[in-house]
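Here is how the chains run, residue by residue.
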Amino acid sequence: MLSEDLLLFAADASRLMLESGGETYRAEYIAMGIIISQGGTEAECFATSTGLMLSFSGEDGKVRAVVRRIKRHGMNLEKVYRIDNMVRHLLLGDIDIEEAARQLDEVERMRDRPVWIRMIASAFGAGWFSLLFKGKTVDALTAAAMGALLSILIYACQRLKLPGFLSSFTGGAFAALASLGAAYAGLPINTDAVIIGVIMLLVPGVAITNAIRDTIAGDLIAGLARGVDAVITAAAISAGAGGAYALWQLLLSGGQA
Amino acid sequence: MNPQLSGIFSQLKEPLFAGLATSAFSVLFGLHSADVILASGGSALGWAVLQAMPQSGSPAFATFFAALAAGLYAEIAARVRRRPATLYMIASIIPLVPGGGMYYTMLSSLEGSTYRSVELGLSTIMTAFAIAAGLAISNVLARMVFSSTIYSILKKRKIFQKPDKL
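Taken in sequence, the protein lines are chains A and B. Following the working numbering, the numbering of the first sequence begins with 1 at its first residue and continues without gaps. Following the working numbering, the numbering of the second sequence begins with 1001 at its first residue and continues without gaps.
It should be emphasised that the hints constitute simulated quantities derived from the structure, not laboratory data. No residue lacks a Cβ here, since even glycine has one placed at the ideal position from N, Cα and C. Errors might be hidden in some of the hints.
Stated by the list, open to error - Going by beta-carbon spacing under 10 Å, a handful of chain A positions derived as facing chain B: (1) K161; (2) P163; (3) I195; (4) A217.
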């Protein structure tokens, strides 16, 4: 494989790892591992959650570098496993670089779970969380129904390519409005237990924990970037929910007056 | 049912809910069959530890031990399944992570209650830090016992001096 192709291949593997929710240090090591396995030297990679830089010196002694910008942020742990496994086999010499490229291509084209599975999973997640946070059965069932609807809403936002802030805002507003509406319609629910169950589908709890994990591991910039992302997401959700509350109260008082 | 038995059941109820919630979330996070079950076991274990810790102490302290237990479980599961531990770690900490805390922090700052927001925000960061520290320590402990293939190969070829942490 040509040195340029190797560089692009390693950068792509690293980018895919970051896009699938892998840790920053793992993204750096797989890029360096791929290059080392093919005899490159002086490999260095600097990754954050928004982009990565990679450079190495080829067999002809020339230094090559590439920058990749990362725009998508998802969570697909199966992809993390596949890429990690591919690089491990490459380093052990079990597979050659062509096979590795084929496997990476396969991972890149892996589809996310279909919408109906995501819907069912969101319903169960919201329902069980509502029970965990001291909700009753009726709260859990309401939260499950809303969780399913919320997953469709999030999917629609993704299809429309709305920015992350806006889809979190919409999601928060939906969760608050739907549970207030359900309580108004006469369902005997505890709105707090319902909202927290539904909101768990949106909140960046894992993101803030990963931000601190990155920071502890010494990836300070990556940790800061992830932390800011998590804070902004939380702000968007609560702005949506808070706005929906205010609007609801305005509507109710308007009705009475 | 005799009262002792129902007492045990009520103790097991919350870890069961945590495990089931995690199984749903790990499907959303792209895990497959056996991994989903393993990850749910980890989160149930974490929640059981959290529940067993004394309620009087600091919540971050209890969360630390819960994350430590979940992290060690994830490391063992990772060795058994020959997959990166992060698969099981990320899934098993889902019930522990302070997602609700972040939401309430931002909500109270929007409502104008600054003190409450600062209070909640600090406790959120403490919780997140406790989880991260628990996972980091479990990772170091696991590294003392097992050797992780990818990094040990890279180390053997004298490419990295790092990482001993996380």
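(message) So, as I understand it, the hint says K161/A touches chain B; can you test that by seeing if any CB pair is closer than 10 Å?
(response) violated (20 Å)
(message) Just to be careful: measuring from the Cβ of A217/A to every Cβ in chain B, is the smallest value less than 10 Å?
(response) A217/A check passes; min Cβ-Cβ to chain B is 4 Å, inside 10 Å.
(message) Restraint: P163/A near chain B, CB-CB cut 10 Å. Satisfied or not?
(response) violated (18 Å)
(message) Let's test the interface hint: is any C-beta of chain B closer than 10 Å to that of I195/A?
(response) Since the shortest Cβ distance to chain B is 9 Å, the answer is holds.
The structure does not agree with the numbered hints 1, 2 stated previously, though it agrees with the rest.
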